[in-house]
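Please take these sequences and the hints and turn them into a complete structure.
Protein chains: 2
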Amino acid sequence: MRTKTPEQKERILTAASGLFGTQRFHEVRMDDIAVVAEMGKGTLYRYFRDKEELYFAVLARSSELFLGRVTTAVVEVEGVRAQLEALVSSIIGYFDEHPHLLDLIQRAELESALGKEFPWQHTRTELLRLVGDLFEQARVHGEASIRHPDVAALMLLGGLRTVIRLGEKPRPRGLARRIIDNFLSGADALAKAPRAQALLR
Amino acid sequence: MRTKTPEQKERILTAASGLFGTQRFHEVRMDDIAVVAEMGKGTLYRYFRDKEELYFAVLARSSELFLGRVTTAVVEVEGVRAQLEALVSSIIGYFDEHPHLLDLIQRAELESALGKEFPWQHTRTELLRLVGDLFEQARVHGEASIRHPDVAALMLLGGLRTVIRLGEKPRPRGLARRIIDNFLSGADALAKAPRAQALLR
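Protein chains in written order, with this note's numbering: chain A, 1476 to 1676; chain B, 1476 to 1676.
In case anyone wonders, no lab produced these hints; they're calculated from the structure.
Any given hint could turn out to be false.
The list cannot tell twin chains apart, which means a pair is met if one copy fits it or any two copies do.
Straight-line alpha carbon distances no greater than 20 angstroms define the calculated EDC-like cross-link-like pairs of lysine to aspartate or glutamate that follow [to be verified]:
{"id": "1", "residue 1": "Lys1591", "residue 2": "Glu1528"}
{"id": "2", "residue 1": "Lys1591", "residue 2": "Asp1578"}
{"id": "3", "residue 1": "Lys1591", "residue 2": "Glu1502"}
{"id": "4", "residue 1": "Lys1526", "residue 2": "Glu1586"}
{"id": "5", "residue 1": "Lys1526", "residue 2": "Glu1502"}
{"id": "6", "residue 1": "Lys1484", "residue 2": "Asp1571"}
{"id": "7", "residue 1": "Lys1516", "residue 2": "Glu1528"}
As the structure is a computational prediction, the values presented were derived from the model and not from experiment.
Below you can see the structure in the form of structure tokens.
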């Protein structure tokens, strides 16, 4: 009986990742994945029963890589504004590099309604936690005081999803800065922030 | 040959709408729709070839009803803040009343990637246009000056989608107000808005 190796599995995942991330789900064939991974289709099937199982594994792996990228980007800078900008940049950047990833997540999410595990769930939870932690640190250090932090985190991450999907391409310069400026200081340039209002009285 | 009537079609759509909106797609059976619509399954199939076609029709109809509801809510109030709050309330309200609508939209969106028409596209475009118009009117009347309006509109509507999907339920009181406060004045209570900053100098 032939053994399975982590290296071979990794080669399959890398090949599948590239194909699922850049082509539509129904266009990706197990044959193509085997060709890119440079192995026979029989070997491929020793690791993954079918395309469905492979694509769940791809999503779980992508999920970890994505979270690693975002977390690294955030810890590399200081101050809540820079950290939120780094978060936004790295999220948009990752999805722009994997143009079909959102579709894959959406597909998996629909299937999770049928009782399947949702491989992106962990990332979603961790991302919300990361944003919540940034808000909390900013509050402790007196850098920012985020009102309604739970709703604010959902609005920020959900808004990003739609900017990634429907926003202008190529991305306008300074997009992350615009998003965070609007997020922290408000989209309305005429609005007075509560503290400034108090100072004006 | 039996004739088709608009009344009968409407009865089917209403029945299907109720079932698709409150049950998962795979749980809804043509038999159940026929029972709720109080007609034979044969009659049902004279109007819609299969469940797929019927659900596209349901989505197209839901799309119109939704847009009507939101537009009405917005024109009933005055001032950009009240209008945006009405927009947010009516969007969240509609989706909360149709708990599986987002899944249906998502499913249709994935299928549109396979070349099918996306029945929610018109609503999406119109909603973005409505928000854009509100921003523009507010600017003309000196009520608000929305920075980066295109990105701001995507962030607002995309954020709402995620609040609808993942936000706390039952919805906290004043949710729409919280969202619009953060949107217009910024999530950071310590941030100084540009105009107030100028006044403070």
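- For which of the previously enumerated hints does the structure constitute a violation, in increasing order of number? 6
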